[in-house]
Every structure is written in structure tokens, then in C-alpha cells.
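Residue numbers (the working numbering), protein chains in the order written: chain A, 414 to 742; chain B, -8 to 301; chain C, 404 to 739.
Incorrect hints may have been included.
[As the list claims (entries may be wrong)] Distance windows between CB atoms, simulated:
no., chain 1, residue 1, chain 2, residue 2, range
1, B, Thr159, C, Asp419, 21 to 29 angstroms
2, C, Glu430, B, Val22, 53 to 61 angstroms
3, B, Thr121, C, Asp673, 51 to 59 angstroms
4, C, Glu430, B, Thr121, 21 to 29 angstroms
5, B, Pro(-6), C, Arg449, 56 to 64 angstroms
6, C, Glu430, B, Ile128, 55 to 63 angstroms
Read the hints as simulated data drawn from the structure, not as lab findings.
Ideal placement from N, C-alpha and C gives every residue a C-beta, glycine not left out.
The chain contents come next:
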Amino acid sequence: MANPLLEVRNLRVEFPTRKGTLVAVDDISLSIAPGEVLGVVGESGAGKSMTGAAIIGLIEPPGRVADGQILLNGRRIDNLSYDEMRKIRGKEIGAIFQDPLTSLNPLYRVSEQLVETIMTHLDLTEKQARARALDLLKEVGIPAAEERLDHYPHQFSGGMRQRVVIALALCAEPRLIIADEPTTALDVSIQAQIITLLKRLCSEHQTAIMLVTHDMGVIAETADRVAVMYAGRIAEVGPVQDVIKRARHPYTEGLMGAIPTIGGRDDLLTQIDGSMPRLTAIPNGCAFHPRCPKVHFKCHTVRPDLIGDGSHSASCWLMEQQPAQGGSQ
Amino acid sequence: MGPVERIQDNFARFLDSDIWHSFRTSPVTVVATVLAVVMIVAAVIAPLITPQDPFDPASLDLLDAFTAPVWTEDGLWRFPLGTDDQGRDLYSAILYGSRISIGVGFASVILSIIIGVTLGLIAGYVGGTTDAVIMRIADVQISFPALLVALLLNGVLRSVLPGSSHETLALVVIIFSIGMSIWPQFARTVRGSTMVEKSKEYVQAARVIGLSSRAIMFRHVLPNVMGPVLVIGTINLAIAVLLEATLSFLGVGVPPTEPSLGTLIRIGQDFLFSGEWWIVIFPGVFLALLVLSVNLLGDWLRDALNPKLR
Amino acid sequence: MTDSLLKVDNLVRHFDVSPPWLNRVIERRPKSVVKAVDGVGFEIGRGETFSLVGESGCGKSTVARLVVGLYNPTAGSLEFDGMDISSGAARSRNRSAQRRMQMIFQDPYASLNPRWRVMDIVAEPIRFNRLVKGDAAIRQRVGELLEQVGLSAADGEKYPHEFSGGQRQRISIARALAGSPEFLVCDEPTSALDVSVQAQILNLMKKLQRELGLTYLFISHDLAVVYHVSTKVGVMYLGRLVEWGETEVIFAAPRHPYTRMLLDAIPDLDMSGRARTPVAGEVPSPIDPPSGCAFHPRCPLATDRCKREAPKPVSVGAAMVACHAVEEDRLPEWHG
């Protein structure tokens, strides 16, 4: 990866509260190459959505980016003013959120919302913009697009609405899309359709996608690389095949074992005891150590950084002892 | 944990809560609360801190009438805020009067809460025709101004009750009139919250256990809909105090022998232009401060209990 | 066949979703009715786990609520251990049936009264049914229940908001167990939870089933979870069962095209590169369901007969399937 499209360096997101500062994202670094799908997976409270929000500059105050840099095409975007950032959002970075109903304004026709977004970012006449809106709806697979262009959001079903949201994100041909749980609110059959669509768009337009989700299955189907987050940090990152089949971090390993699968009929699932720590009580040392089956004394006090070979690394002290374990290289 | 520990635990939880924190960090609210508490306490203990019982005609001397406040030329130390046309010490009269105003306010708000919350709970939980009937009555009533309803009820009750009981029942009549004129607000709010709570799974869980509707309404739903009631109750306390003052000002409230703040203001306005300004100004200021501080408290409560604004 | 604990026969539940009477008259609109459950029948044997699976709006949660009495059926019958519980009146005649069944809900944040301490929440069924007498004894019993679900007895003094989603779901289970039920209806008990926590809860439910001999009716949209927990499974589509039978049989050789579609749509964790055939279309509105077989607009095997005529369930091997293609023996081979 000589020229990453997006580079996040040592990102830290804080929320000041009256009981002290909460660290939602703690020293995260990652990069996405053009046309790549990076999955960011984690359970609730892992900080995955917050990372996405930081990149598009939409962290709700009093939360703030406290440290680190975000670079898009080599240009820093984390310190831009609201207005400058607004130009980048939509034009260079598109966003898709979990609930398609809240991403669309219920009072405006789909055509109005698409045309407005297109004209904000591209130098087109209204007629051209409308033609482009129609093309977009066709592209995201909405049947009878001519007819449906002038419908209101509530006239679309859940899956179709999510397609409209994707069309809206694609308006200005952004090079990067941040998709936060794009399939979570949808039924399995619709979920499969949306995944197929995202993959197709990615390969046809060379759009990079940061896919934030809690669902390992969606990651396995869609992503090229995956970052597993835990308590605001990256626990493991690597090519999706390696991480899923040869997990290095005990958390990833536990996570994979916890997913019920059809065929593998063990009586009990592998379970990780306990739950993700609250932000108010993140343990010292490795944040996972109270739940880790392979914990040893060092984990209680010293926090491990990402250790690994080339593309696949994990922030776990086990990596230090056996650096060459597994690996696909 | 025994009952004592539970109370201690609840108190500790309260001190650690967002509500307490939001209260402490809002100086306006703290000042308003202190002011309201001082006024209410002063009203309650009025006989202990006043030189005169203004409701006792024997303690009044017409020769003391129209004494100016103490800091003016004609002022007397016996009457720090001056006297009215009957020779009543205004300071004493205000505190005694506010006892009636505040008492009527609390009593009528409690009455309207009991009626409004019960009807709202039933309407929201039972739904259907019961809901329609209760809420249509509330709708009709809310479309008349509260003052008009209170005046109407007052008039009806006075004509129905025997003349001899007017004096003794005056307070009951006015509490009933005010209480009946503001209950629809509580009923509406509680009905709305009840319908939200009713669909939550903890209510369904209680139904699966087999609990009766009454037990579910009062044990499960009621504690969860009381937040907004508290807010409206506080704001309506101010409104009720004002309503009482208005009714008394119009002469249909409490009898003039036992003047409330509104009665004092009515008496005073006759003398506003003849130079005895203090008779209307002091009760007026007291009433305004009381209503303002209770309203400020209500405003803060509304914000503090609304998670969307926090 | 094991002796059956719950018998559901031709269960129907319609919901009136018409606009208010006045609007109907003014706008001249007819009454509209959602057939949420439209003729569902199955049996659950003692100690079994029967799962209902399907997409949103298929009526699986309505079936759960009908079984525990949160709704009354429009038609059809429900029988619990030989007792009729088909209507409110029948239910009040057979009160013991109600005590012997409990429910676990989906949303661990809404299913516990936020103003009550956990102790009181869990004690409620005990107090209501007078199962244990005396405060100290109730306290003791609640402590035992909390420990049984993996919490500590001291947790009883806390309020629900002090617990994580998984812990709250444990409290929910403790409350359900407090009435000493034999039968638990679980409505998507893990779908609001994270995977690692889901595994804990599923394991706990299995452990409790073994220890207490419980019978479960399990509602889920997640086929993998259903496969993991259940002995029998029923697939629902628009208010009807389209295929049901032993779990192993259904998953190894699904026959109904809808079951096949659902199985095909599951993301593939093994990444074997299996070719997927995403099915077009979405679940139609249950207010105006398609004619004949409700699945025909999305079905690759639909014929004219499917549009006209609703298929009757037929027994195929160890499963029941309602599909003309199965009946006419024109079903393609399953790749699984």
C-alpha cells in the first residue's frame, strides 16, 4: 500500500463528563487503500462507530478528537472547520448509516434529496442532476426507477430505502464510503442483496469502503481486510481470511467460537465470560485481560501494542512469545 | 439490606445522580428553590414570626389604618411594611395570606393530580371506549380557560350550598374549583406516557406472570409516568396560586375577613391612586416572587427530567 | 413421539389496522385487517425446543404472544398439557397452566421495570403465586435464582440500569424461572445482544433446560442460532408455517424454496466461495398478501397453480412442507 486513500494515525476520541474523561477511541491507526473494503468489527461499546464518526467529522459534542491525525489522500482532514468538512462529506467521503429511515428526510421526495446533494457537490444543471439521480437509482437496483424517483422515503420498503441511502452516498462519486451497520436493520435475505450491491459498487467504481459492523458474517462476505476492535482499541488487524481462520488475539478467537454455525453442532458454544467493560471502567494493562483465557501476569499491568508480521498483527503479549504463529505469508 | 439501609442507599444514589448534579450546577434554580422554600416555610410558621394575627378582628385597631412602611416619615416599627385600611399589619397579613394561597395551591394541585393521574392511567391502559369517553371530557374541559371553569364551578357550588355554609366552605369550594379546572393536563400527559409504557416488555412480562390490570397500572406503570407529572405539578402549583389570587381578587374566593394574597391585592388597588401604594405593592411582589421561583423550579425540573435536553 | 406439552391447532390471529371509523366513512375506505397468524399448527413435546424462524412480519412473535396469552386467538385452539387455553375465559379456568409457562423477551432494556430493584423484579412471580412465604425465604429464593443464572445474590439490591445487556437478560431469565415454570417462550432472547454475550445466554438456556427439564418455544430470525438450540424447527412466511420438522432434517435437506432461500442468505463464515443466489424482492405486506401461495412472487419455481391455490402441507419424510413444487415433485436438488 504505497498510497493509502485514508490514513488514521493514533486517533483518540474523548468524552468529557462530570465524572472524568471517557476515552471512546484510544490510539487507533489504520489505513484504507483505494478500492479496498476494510471491515471494522466489534461488539457494542468497542468504539467502532465512533471511529467512523471521527473520520467524517460527525462526533457529537461534547465528544472530540483529542489526539491523532486523519489523512485523506495525504491531506489532513481532522482539523478542518465545519464548513470545509461539509464540502468533503458527500463529495469525497460518503456515509451510510444503520437506520435508513433517519438518513432520509421524510418531508422531501427522494428526487429532491438526490438532486440537492448532487448539485451541492457537482457542477451540474438541475436537469443533469435529475438525470444523474435517475441513473443512481437504477444503479443501486431500484425497479421502475423513473416512477419511484418522485416518491417519498416512507413509500419505500426497508431494503429499498437502504438502496436509496446508498444512492445518496454515491451522488458525488466519493472515493471512500463509511458504512455504519448498513445491513443490521434488514432481514437476512435483504441483507444479502445489499452486501452484493456494495461489493459490486466497490469493484466497478474503485470506491473504498470502511464497513463498520458487529456481524462477522457480513465482514467475511464483504471485506478484504478486517480490524477487530475491543474497548476503544484495535485488538487484531489483518486480511479477512487470516483473521477469521487463524485468529491471533484470544478475543477474536473467542468471538469466532461464539458464533453459532450451521453444521458444526457442538452442544455448547465457546463463550467469553463477562462483558465488554464500560468506558468508565476500562481495566489497566490489556483491556481484555479480565476475560482472557490465556492471561498472564504482564497483561494486568502493561498494555500491548499491535505486534505482527506485515499485514496481520494483534495487540496481545502472546504475539511476542510466538511471533511466527500461524500467518499466511 | 433492611429498610433503613435501603433509604440510605436511595439517598446516596440521589446524591450521585445527574438530577442532583444538574441542580447544584444551576445557580438560578438553587436561588429559586431557596426563595420558594423560605416563603413556604415562613407561611407555615407565620404565627410564630408575626406580631399580629390579622384574621382576629380583636387585634386590629382602626386607628392604625394606612400607616406607611417603616422607612418612610410616618412609619412605625410595629408595622414594618405598613398597614391596610383596617389597620392590619401588612407583614403579618402577607404571611397569613400566603398560607391560604399556598395551602389552596397545594391542595388543589394534589386534588387534580389524584383525579388526572388516575383517569389518565385508566384511559391509557384500558384504551378503547373508556379512553375515548375520558379524553373527550378532558378535551371539552381544556377548551375552556381554567379561570372560567373555576368561576363557573364556584358559582354553581355557591348556589347549591346553603348560604350559611359559604364562609366555612369557601376554602373547600375554591380548592375544588381550581382542582377540577386543571386535571385534564395531568390526564393527557399520563395517558400518553402510559400508552408508551404499556407497550414495553416489562408490562407484558407482568401480564404473563398473571398480575391484574390494576396491579400493573399502579405498581408498574404509575412510578414510570410520574416524572412529567412532577413537572406539570410544579408549574401548575404556580398557576393554582395565581388562580386563587385571581378568584379572590374578583371577590369570589376566600372571605375578606381572612384575606389571601389576592384579597389583599384587591383591597390595596382601591388605594393605589390615593397614595397608599404599599397595600397593593407588597402582597403583589410577594405573589410574583413566589410564582416566579416555583416556575423556575418547574422549568429546571422539566429540563432535568428530559433526557433529550441533557 | 414424546408426549406433547403444547398443542397448537389452526391458530389464527387477525389485527384490525383500519383507520378510525370517522376517517373510514369520510374517505370511503374499507376495513383493513392484517392476518398476522393465519392457520398455524404444531406440537411441542416435553423437554423439546421448538423454534419458529422467519423474517420480520412473518407472525412468529405473534404466535409467541398468543401462546402466553398476551393476545387472544381470533380462531383455532391452544392446549397446554391437556388444558384448554384458547381464550381468556379458558385461561382463567386453568390458572395453573398460566403459572407453568413464562416468557423471556427480546429487549433486555425494556423488559425490566427501571424503577424496581432486581430483588423485587425476580420476587414478583414468587409473591404473586405465593410459592414461598416470608420475606427472608423469598430473599433466599431470589438469591438462589440469581446464582443459578450466573449472577450473585448481592446483585438483587441493584437497579436494572446498573447491568449490561447480557446481565439483564440473565435477570429476565431468573424472573421467568421464579414461577417454577415448565415451559418458556423465548421471543428473540439474544437478538439484541452481542455475539459473545449471545453465546453465554444460549449456553445458559441449554444448561437450564438440562437441569430443570424445561420445554422451550424459541422465536428467532437467526437460522444459525435456531440450528444450534432447537430439536424441531418451523419456518414461517406471512403468517403461515411453510415447512416444519426435526431440525437436522430441515437443515440437511430443506425442501421449501423459502427455507432454501433463507439458508442461502446466511453469510458464509467458512469463506468457501460458495456461489450464492440472492433472491430478489422483499416480504410483501401482510395487509394485502399475494394470492395462492404467499411466496410465489419471489419463488423461482412458481407456476400458475402457485398463484391460484394455497398449498396444503404434505408430509415428506420426517418433515411437513406446504409447497406445490414439492407435491408435484419438481424440486431441484439441494446443494447443501
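Hints, one by one, checked against the model:
1. B:Thr159 to C:Asp419: 21 to 29 angstroms: 55 angstroms, violated
2. C:Glu430 to B:Val22: 53 to 61 angstroms: Given range 53 to 61 angstroms: holds, Cβ gap about 55 angstroms.
3. B:Thr121 to C:Asp673: 51 to 59 angstroms: 57 angstroms, holds
4. C:Glu430 to B:Thr121: 21 to 29 angstroms: Cβ of C:Glu430 to Cβ of B:Thr121: about 26 angstroms, so the range 21 to 29 angstroms holds.
5. B:Pro(-6) to C:Arg449: 56 to 64 angstroms: 43 angstroms, violated
6. C:Glu430 to B:Ile128: 55 to 63 angstroms: Cβ of C:Glu430 to Cβ of B:Ile128: about 27 angstroms, so the range 55 to 63 angstroms is violated.
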